[in-house]
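Going down the list, the protein sequences come from chains A and B.
For the first sequence, UniProt numbering begins at 1 and goes up steadily by one.
For the second sequence, UniProt numbering begins at 1 and goes up steadily by one.
Warning: the hint list may mix true and false statements.
Note that identical chains are pooled: a pair holds if it fits in a single copy or bridges any two copies.
As the list claims (entries may be wrong) - Listed next, the in silico DSS-like pairs over lysine-lysine satisfying Cα-Cα at most 30 Å (straight line):
(1) Lys120 - Lys3
(2) Lys137 - Lys71
(3) Lys3 - Lys130
(4) Lys87 - Lys120
(5) Lys120 - Lys137
(6) Lys87 - Lys71
(7) Lys87 - Lys137
(8) Lys87 - Lys130
(9) Lys137 - Lys3
Derived from the structure by calculation, the hints contain no laboratory data.
This is what each chain is made of:
Number of protein chains: 2
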Amino acid sequence: MFKDNEQQPEGFSVPLSEALDNLAFNDAGLVPVIAQQHDTGEVLMFAWMNRAAIEETLATGQVCYYSRSRKTLWRKGESSGQTQTLKALRVDCDGDVLLASVEQTGAACHTGRRDCFFWKLDNDTARIDKSPLVDPKDLYDH
Amino acid sequence: MFKDNEQQPEGFSVPLSEALDNLAFNDAGLVPVIAQQHDTGEVLMFAWMNRAAIEETLATGQVCYYSRSRKTLWRKGESSGQTQTLKALRVDCDGDVLLASVEQTGAACHTGRRDCFFWKLDNDTARIDKSPLVDPKDLYDH
Chain A
1 MFKDNEQQPE GFSVPLSEAL DNLAFNDAGL VPVIAQQHDT GEVLMFAWMN
51 RAAIEETLAT GQVCYYSRSR KTLWRKGESS GQTQTLKALR VDCDGDVLLA
101 SVEQTGAACH TGRRDCFFWK LDNDTARIDK SPLVDPKDLY DH
Chain B
1 MFKDNEQQPE GFSVPLSEAL DNLAFNDAGL VPVIAQQHDT GEVLMFAWMN
51 RAAIEETLAT GQVCYYSRSR KTLWRKGESS GQTQTLKALR VDCDGDVLLA
101 SVEQTGAACH TGRRDCFFWK LDNDTARIDK SPLVDPKDLY DH
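This is chain A alone, in the form it adopts within the complex (with noise of 0.2 Å):
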């Protein structure tokens, strides 16, 4: 579905639930998720949701994941606080992956920092040039 109206003219639609059976699950029924801060355009963190989750999302404006690790799904923010409010979902060309705009409340990553991605890579070395904005123990110590 995807592949076949990619050249089709900006407007044109299908219907939500056509796209979702149309989106590339991978075996787990999964798909990766690329959330972005809508104003700023950080690239906060890397996820996935499986059919469940995206239907969540869109309909409660909260963003809603997968947890491959607890495998269920994951509420961004139930246990942390860090939400993430919806600003818009889309899907790539080929149907494989999610990037959703947001509202970040605090620290999107795990680490107290605003956003997972706190390893620079040069030639010689890999850095951190990022600090956390809160104490990871004050997230989910409680």
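Take the given structure of chain A and dock chain B to it, following the hints.
Just chain B, lined up with the frame of chain A:
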């Protein structure tokens, strides 16, 4: 390595080779890569790199992916002319995703659109809301 050092302060570094040894390559030897335009913050595309692609990208400053369909290194823009010059390459907290900050020439998407995320979802529909910058025929038919 990444998990063990996630609480280290800004400025902490390890040798590049140690970081690459500890990246969570999948069974096919690949890690996902998010490409972002360095100045506007646009998320352009999502692709994959193997270790050789990462090393080439860092060494040359021109982004090189691994093509899963062609099963070979894919020097972005080598056939389309739509190259990506590297500004920064980052790894996430878990060492399983890369974020490439790039200067994108023209269109990142094979459809001729600036980026690949041109399907917007809402509760009822998936709708195309971006138009091509260039005709894809002009990118590849030469």
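Hints and how they fare:
Taking CA atoms no more than 30 Å apart as the test, Lys120 paired with Lys3 passes between copies only; the shortest distance there is 15 Å, against 34 Å inside one copy. In this assembly of identical chains, Lys137 and Lys71 lie within 30 Å of each other by CA distance solely inside one copy; the values are 23 Å within and 44 Å between copies. Within a single copy, Lys3 and Lys130 get their C-alpha atoms only as close as 39 Å, which misses the 30 Å cut-off; across copies the closest is 15 Å, which meets it. Taking CA atoms no more than 30 Å apart as the test, Lys87 paired with Lys120 passes in both settings, with 28 Å inside one copy and 11 Å between copies.
Taking the shortest alpha-carbon separations for Lys120 and Lys137, only the intra-copy value of 24 Å comes in at or below 30 Å, while the best inter-copy value is 37 Å. Only within a single protomer do Lys87 and Lys71 lie at most 30 Å apart by alpha-carbon distance; the minimum there is 26 Å, versus 36 Å between protomers. Taking the closest pair of Cα atoms, Lys87 and Lys137 come within 30 Å of each other only inside a single copy of the chain (29 Å); across copies the shortest separation is 33 Å, beyond that limit. Taking the closest pair of Cα atoms, Lys87 and Lys130 come within 30 Å of each other both inside a single copy (26 Å) and across two copies (17 Å).
For the homomeric pair Lys137 and Lys3, the shortest alpha-carbon distance between copies (16 Å) is at most 30 Å, but the shortest distance inside one copy (45 Å) is not.
Comparing the model with each earlier hint shows no violations; every hint is respected.
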